[in-house]
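J.: Listed below, chain by chain, are the residues.
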Amino acid sequence: MKNKSFKDIVRSIPPVVYMLVAMIVIFSLIEPLYLSTRNFRNILLQCVPLMIMAFAQTIVILTEGIDMSLNAVVNIVTVLTVWLAIKGVPLPVGMAISVLVAILIGVVKGFFVSKFSLPPFIVSYGMQNIVNSIALLLTGGASIYFASELYRTFTKTVLLVPNNVWVAAVMFLLTYTMLKRTKLGANIRALGGNPESLTLAGVNPGRSLIKAYAFAGFLTGIAGLMMLCRVESGQPIVANGLEFQSVAATVLGGTSLRHGKGNVAGTILGVLLIQVIQNGLNICGVPAIYQSVSTGGIVLAAIIVNALITSRKAKA
Amino acid sequence: MGKTILEAKHITKLFPGMKALDDVDFDLQEGEVHILVGENGAGKSTLSKVLLGAYKAEQGEIFLDGQPLKLTGTKDAIDKGIVAVYQENSLVPYLNAAQNIFLNREPKTALGLLDLKKMNEDAKALLKTLNCEYIDVTRAVSSLSVAEQQMVEIAKALSFSPRIIVFDEPTSTLSEREVESLFVQIRKLKSEGLGIIYVSHRMQEFPQIGDRITVLRDGKKIGCVGINECSDAELVKMMVGRDVSQVYVRNKNDFNEEALRVEGLCDQGGRVKGVSFNVRKGEIVGLAGLVGAGRTETAEMIYGIRPIASGKMTVFGKEAMPKTPTSAVKMGIGLISEDRKRQGLALNESIAQNNVAVSLLKIFPNFFVNNGKINQIAEEFKEKLRIMTTSVGKKTRFLSGGNQQKVVLAKWLSQDPEILIFDEPTRGIDVGAKMEIYNLMDQMASQGKAIIMISSELPEIIGMSDRIYIMKEGEITGEVKREDPDFNQEKIGELMMLGGAE
Ligand SMILES: Nc1ncnc2c1ncn2[C@@H]1O[C@H](COP(=O)(O)OP(=O)(O)OP(=O)(O)O)[C@@H](O)[C@H]1O
Ligand SMILES: [Mg+2]
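Protein chains in written order, with the numbering used here: chain A, 4 to 319; chain B, -16 to 485.
Quick caveat, the hints were computed from the structure, so don't treat them as lab data.
Glycine residues also receive a C-beta, built at the ideal position from the N, C-alpha and C atoms.
Warning: the hint list may mix true and false statements.
Stated by the list, open to error - With a straight-line cut-off of 30 Å between C-alpha atoms, the simulated DSBU-like cross-links for lysine-lysine are: (1) B:LYS171 with B:LYS58; (2) A:LYS118 with B:LYS171; (3) A:LYS183 with B:LYS171.
To be verified - Covered stretches of chain A (in silico footprint by chain B; criterion: 3 or more residues with CB under 8 Å from a CB of chain B, positions within the stretch not fixed): (4) 107 to 118; (5) 198 to 206.
Whole structure, please, built from the sequences with the hints as guidance.
T.: In structure tokens, the structure reads:
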């Protein structure tokens, strides 16, 4: 009897946890330096923008959508804030404006997806191109700079934890609460699981979808600010590639691409797994050109393992 | 009986290329259960949806308490006290029961967040009135059984404290016990003065709860009769438009070669405990039992969906253990699953495409497919199963619920397996089509196929089977042959409830 309940507990742990532990063990066996507080602090610090982007991605995926423009939004937030600062707009004001723009982009995507029943992949891919072009136009293709002490406040440490990690934690709590404890959260799962049920309950599905994209837009805006504070400049291509990683992290975290199934807590683990892999390859001295190949390979393998374990669980 | 609450006059509803409702009159009184019957595609769900504001009729008027009623949508109808338990699942799979019941009406805390505690308590209380307190309201409804989900839907409808409830085939997925508690509930609602519209194909239910019956056929109202004014045969004639004499047809076949034998079959979860039986070519073997007796699980193991923990399986004399449906299909085994909603259809594909979805390789062993042939096959099944549609090129989404089920049947039949398991094959299907399916099963048996039939409806399993195994709590508790004196409803029903004699 006791055995069985232990087995049940083991079964209820999502596979991403095992993979995370396994990766940490492997890397620390290869490179003892890996197991240092300093390094773990680094991992946390580095993953913040991706983490918040992945929260946004999770929301969109729960509506049975996908957002391929998150990278562009992060790019434009860094660029626009710095560009405005150069034009004389105070940095905090510029930051607020950029976040508003991110929300607006979300609203536009949501509008196109719901109003014209377009596939989210196409809408967001188009949006990625448009927004990225604007970022390039604003910067003339290069990075733009504006010096400020403000960036640093986010990398300072309060209660042993860097400030931007606190920001990610707050964003998590916001997202978690939104999904679990608000109408919008319930409607988001309904959008992915059974949109008909919303119409029957008198909810306008289109409006819920726009709200979901707006919320995700807000998160992406904050992710952009965190990115800005890390790179301390306007970088028109800095986040490219992260849109895919955010999808991978979401899936690894146990969110399904369909039916509104999943949760944002798992996404944290998914992001950590990706970050641990990247950081590990780095520390073990894998040359940069091989790094993205191996990250891609390991992430893909992890997704496959995840899918296999999940489908086996569903069967038994 | 009380006064008329709802009245619909001259309702006409058009869909592209067809008249789903043609000048239909309908009325509902206080404290009445008004039954709507008719063949699949007759327009029952369409009429319900017009009354619920989900569809707008092209012509006709609706009156609520004698006042003209213009509904702007389902929400409007709900606000006016008209709610429904829909035929299609209207739940959100990854929300829990409580959140589903109170979707868009969630109670809030002082902070503006959802009051989960209150929601759970209220949901529990509602389910308790339905005798379903065993349903965990905090679990995602996708992890509940089909019957439990149905009870959640009913609880949801009741939560609006409505004046009028439309039940569109509520019992087609429920077990005996749940049907009973639903009927108790319906009688209670009736005594409280609610008006109830009840759509069903199960004629044995009508006298238990009904007051009047309206029969639809091809979108037209054929008649409205009091529950005691009309015999079953007359009712069937009104529905189908012709005399129907014999429901169950069975030709006598010789059974020689054994097609399938299972011995001591056990699953991993303890739902099936050592099941042994066999079926021969030309034979129809019934698996009777209550919902939850492990019949579906047994079928799933034979078809390679559910892992087999222990036991032996022999197919045409050779030992075999299908690990996946693909290998089962290769061995000549087919399963028509009970959960057709979930496993069944590509709703946005045409009827023809769905028909051949699993048999493409068999029909076209070479790389290329021939659309003419696909359509020809689809036409054949349309005839055979009487699928009501203007064309087989139509998207499956636009078929009525029962006709969608027939498409799933066609899909598995087109594969033409040697051993075929029918799990609740007539659920949600009208009388006429039921007989077509019985006919088809009989023909298949005559052609030497081996058939296993799982059904919770005793009359049909007794009418069709050559042999019946009775299952209870994962074990086979009895076997009766057609020639046995025990081959009757009383004895088999008793075995289902009580288990074996020894
Ligand atoms: N949205 C739609 N678009 C086009 N045609 C439709 C649509 N809904 C229903 N129909 C057609 O209208 C007719 C009546 O369908 P309805 O669903 O009312 O039948 P029903 O009596 O409820 O049948 P069942 O017993 O199978 O549920 C069917 O022929 C169906 O194909
Ligand atoms: Mg119907």
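J.: Work down the list of hints and note, for each, if the structure agrees.
T.: Comparing the hints with the structure gives:
no.	hint	in the structure
1	B:LYS171 with B:LYS58	25 Å, holds
2	A:LYS118 with B:LYS171	44 Å, violated
3	A:LYS183 with B:LYS171	35 Å, violated
4	107 to 118	violated (count 0)
5	198 to 206	holds (count 8)
Consistency with the previously given hints fails for numbers 2, 3 and 4, ordered from lowest to highest.
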